[in-house]
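Given only the sequences and the hints, what does the whole structure look like? Please build it.
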Amino acid sequence: MHVLNYIIWNGSPEVVTIGPLTLRWYGMLFALGFLISQQILYYMFKQEGKPTRDVDTLTIYMVVATIVGARLGHIFFYQPEILWTDPLGVFLPFEFSPEFRFTGLQGLASHGAAIGILIGLWLYSRKNKPGQNYLQTLDRIVILVALTGALIRFGNFFNSEILGTPTTSPTGIVFINRVTQALSGDSVDPNNIVEKITVQPNPNGEQFDDGRVPIKIMILFKPGISEQRAQIYMRSNVKNTLYYLSEFVSEPMDGALNYNTIKDEATNQVYGHALTQGIARHPAQLYEAITCVLLAIFLFSIWVRYKANLPEGRIFGYFMVILWSLRFAYEFLKINQVSFEDSLPINMGQILSIPLILVGVVVLIRSYRTKPTVNA
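This note's numbering applies: residue 19 is where the sequence shown begins, and numbers increase by one.
In case anyone wonders, no lab produced these hints; they're calculated from the structure.
Remember, predicted model here, so these are calculated numbers, not experimental data.
Please note that a few of the clues may not be correct.
Here are the in silico distance ranges between beta carbons for each label pair [to be verified]:
(1) 29 x 70: 34 to 40 Å
(2) 319 x 141: 39 to 45 Å
(3) 308 x 258: 36 to 42 Å
(4) 210 x 33: 21 to 27 Å
(5) 356 x 387: 24 to 30 Å
(6) 108 x 70: 44 to 50 Å
Note that CB positions come from ideal geometry on N, CA and C, so glycine has one too.
This is how it looks when you write it as structure tokens:
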């Protein structure tokens, strides 16, 4: 037995389901980001003596620009085939087949959101409101973008998406929810014989340098399910599912599944235990979420110091350089989102980050060469 240095994460992406509607952590945190941002904007506008009624208008611009930009960015940068294979799916948050189901907008790109926000705030700034020119507005908004970005990354964590590369570090996390959901889902368990699935580390197993770690999958079958039927489910359904979910577990196709079953005569229930290898990965979502929070605090502290006397573009420049430089670095700790990235020297996220970093550098240099606008 040895010390295990990985964490198993089996959090559900869903908060609650009511009929065909499901509230997911991602959507809730996404919306929460805008609600919190709006309240902070009220505070900032009051402190600077600006009309707070403008906050409502600015919030609408931000919401529309973020969602439209993020969705179109994902389509154009990662899945352009959706434009001709499922054009309605570009903006419809539900699907009709095989049954009506609310899905939300599945596939949002932060680089697309950035472009959308830049365009949306440019349109807003054309209203020529005092103290709200383009760079002044961007300086305030990017503080809230960093905070909202942190909440969105926490939502990605609950969704077990934007996976990191395999690691042997103590921060390694085995994302197992997709596995437990699949094993108890209709396609793998059509007869609904599974009552409960839990996963825990296997202290007697072997860890490997490529991120594979030992885990034990424990399945409780419903009362009355025979041990023979449970064994068929284990060696066939469980085996095949683990093999195909290779992003989360490492189970070879050849060879039998290492499992056993035990029947509890008192409850007339069968327990199935399967030993396999999970894949411990960098929690890249949490890395980004934490640094986004720190970035928001840093930028907000600059605003507190200068407020309306802030040199135009200073906060925006810092934001663009720091955020997208971090994004460029974190991409080395993530697996590629789409297959075409495998043939690129750097992935799409890094390619798109470079021009945004350069924009930040130019704006930052300009802010240091320009005298502050007093009470603008």
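Between residue 210 and residue 33, is the Cβ distance one that fits in 21 to 27 Å? Taking Cβ atoms as reference, residue 210 and residue 33 lie about 23 Å apart, which means the hint holds.
Is the gap between the beta carbons of residue 308 and residue 258 within 36 to 42 Å? holds, 37 Å
Hint check for residue 141 and residue 319 - Cβ pair distance inside 39 to 45 Å: Violated, since residue 319 and residue 141 (Cβ atoms, about 29 Å apart) do not stay within the stated range.
Distance restraint hint 44 to 50 Å, applied to the beta-carbon atoms of residue 108 and residue 70: violated, 35 Å
So the hint says 24 to 30 Å: do the beta-carbon atoms of residue 356 and residue 387 match that? At roughly 41 Å between Cβ atoms, residue 387 and residue 356 fall outside 24 to 30 Å, so the hint is violated.
A range of 34 to 40 Å was offered for this pair. Does it hold for the Cβ distance of residue 29 and residue 70? Since the Cβ atoms of residue 29 and residue 70 sit about 37 Å apart, the hinted range of 34 to 40 Å holds.
The structure fails to meet hints 2, 5, 6 from the earlier list, while all remaining hints are met.
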